[in-house]
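Student: In case you want the letters, here they are:
There are 2 protein chains.
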Amino acid sequence: MTEAVSTARRSRITPEREAELYEAVLDLLREVGYDALTMDAVAARTRSSKATLYRQWGGKAQLVVKALRHSKRVRTEDIDTGSLRGDLHAIVSLEDDCTMERNSALMRGVAMAMHHNDDLRVAFRDQMVDPEMGGFRQVLQRAVDRGEVRPDCPAIEFLLHMMVGGFATRALLDDQPPTRAFLTSYIDAVVLPALGVQTD
Amino acid sequence: MTEAVSTARRSRITPEREAELYEAVLDLLREVGYDALTMDAVAARTRSSKATLYRQWGGKAQLVVKALRHSKRVRTEDIDTGSLRGDLHAIVSLEDDCTMERNSALMRGVAMAMHHNDDLRVAFRDQMVDPEMGGFRQVLQRAVDRGEVRPDCPAIEFLLHMMVGGFATRALLDDQPPTRAFLTSYIDAVVLPALGVQTD
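Sequence lines, in order, name chains A and B. Going by the UniProt record's numbering, the first sequence wraps up at 200, each residue one higher than the last. Going by the UniProt record's numbering, the second sequence wraps up at 200, each residue one higher than the last.
Bear in mind the hints are in silico, worked out from the structure with no lab data behind them. One or more hints might be untrue.
What the hints assert, rightly or not - The calculated label-pair distances, taken between Cβ atoms and stated as ranges, are:
no. : chain 1 : residue 1 : chain 2 : residue 2 : range
1   : A       : Thr81     : B       : His70     : 31 to 39 Å
2   : B       : His70     : A       : Met133    : 32 to 40 Å
3   : A       : Arg75     : B       : Arg55     : 52 to 60 Å
4   : B       : Glu16     : A       : Asp40     : 47 to 55 Å
5   : B       : Ala44     : A       : His116    : 37 to 45 Å
6   : A       : Asp119    : B       : Asp119    : 44 to 52 Å
7   : A       : Met133    : B       : Val32     : 13 to 21 Å
8   : B       : Asp119    : A       : Asp80     : 26 to 34 Å
9   : A       : Gln141    : B       : Gly58     : 47 to 55 Å
Values in this document were obtained by computation on a predicted structure and should not be read as measured data. Note that beta-carbon positions come from the ideal geometry of N, C-alpha and C, so glycine has one too.
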């Protein structure tokens, strides 16, 4: 309660306004890419002052990463279907294929920009990779507790690498966007066997 | 023989000169990136005429991809240690960690440029992905013939995704270049178990 009040006082931005602003940032990102995106353009598009944007988010990298994170509606750790296979399938089924294709293009663009933007790389690690690692760790811990995965299974530390690898290499190697059908086959063929989970 | 003669006649470029030219292209690529690389710069750096470059390679995308491919000294299909584990470890041990870090940065830059350059994407698929897929298929076929991998193992079609995924996500998720130590652990923890190969 105290935290909510203090955030409101600091920001004077309603959750609706914040969501609207993040949506505009993602639209701009799709239109011009990270490098060409300016805080001026965000300010103009959202009818905000640049001062407000900087005060609220600190900078372009933080704003973009917050906007990306906001577009994830469900937190990975909240997915709990009762089996690891069910959880991983659910994780890649949160978006329909069309949304996944749009987001895959967006993430590719951002991953590329990270290559030469240190502040974006740091913000991405803090706001996206670390929370996602934490979420996957919880999903895995429940699988270990259920006896599905051995606690000393060496693939445990590579779960996020496997999941992101399937997502990222689909476009790179097959020139096709990742789809639910591709990702669920990949999970069944690669991720679960690597973790020692029986799939048939 | 006939092919070698006709290539020589068409190109009038010796293998030494070709290697020197590819090296210069990779240097330029590291210095300025794909988008800023011009055929003028390649011509100046290598003291060639632009006409020769275009006649020989057709264009920037083809020249860059040929240069990348040329930097691979050993073909994947020629690696044959007698076991799949030996072959995969050998594949990630062709370069020392320092060279691998340099090449990883280079490949990230090219992967990034593929995002918005259709001709680069097509050249990359034809000259890099397809031959590499073929090479891995031969390595796997020998493992199947030795009885190490079941011919109907569903992970077979994802071998390149797994290998490239490990390589690419290391930088993205851990902000560290891929090293031999990382890739061999990843192969032992993920790739071989997914293919049903016993590692202990």
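Student: Give a verdict on every hint.
Tutor: These are the hints, each one checked on the structure:
1. A:Thr81 with B:His70: 31 to 39 Å: 49 Å, violated
2. B:His70 with A:Met133: 32 to 40 Å: Because 38 Å falls inside the window, the suggested range holds.
3. A:Arg75 with B:Arg55: 52 to 60 Å: Taking Cβ atoms as reference, Arg75 of chain A and Arg55 of chain B lie about 56 Å apart, which means the hint holds.
4. B:Glu16 with A:Asp40: 47 to 55 Å: 52 Å, holds
5. B:Ala44 with A:His116: 37 to 45 Å: 24 Å, violated
6. A:Asp119 with B:Asp119: 44 to 52 Å: Since Asp119 of chain A and Asp119 of chain B have Cβ atoms about 32 Å apart, the given range 44 to 52 Å is violated.
7. A:Met133 with B:Val32: 13 to 21 Å: 34 Å, violated
8. B:Asp119 with A:Asp80: 26 to 34 Å: Given a distance of about 46 Å, which is not inside 26 to 34 Å, the answer is violated.
9. A:Gln141 with B:Gly58: 47 to 55 Å: Holds: the Cβ-Cβ distance is about 54 Å, inside 47 to 55 Å.
Checked against the numbered hints above, the structure breaks hints 1, 5, 6, 7, 8 and satisfies the rest.
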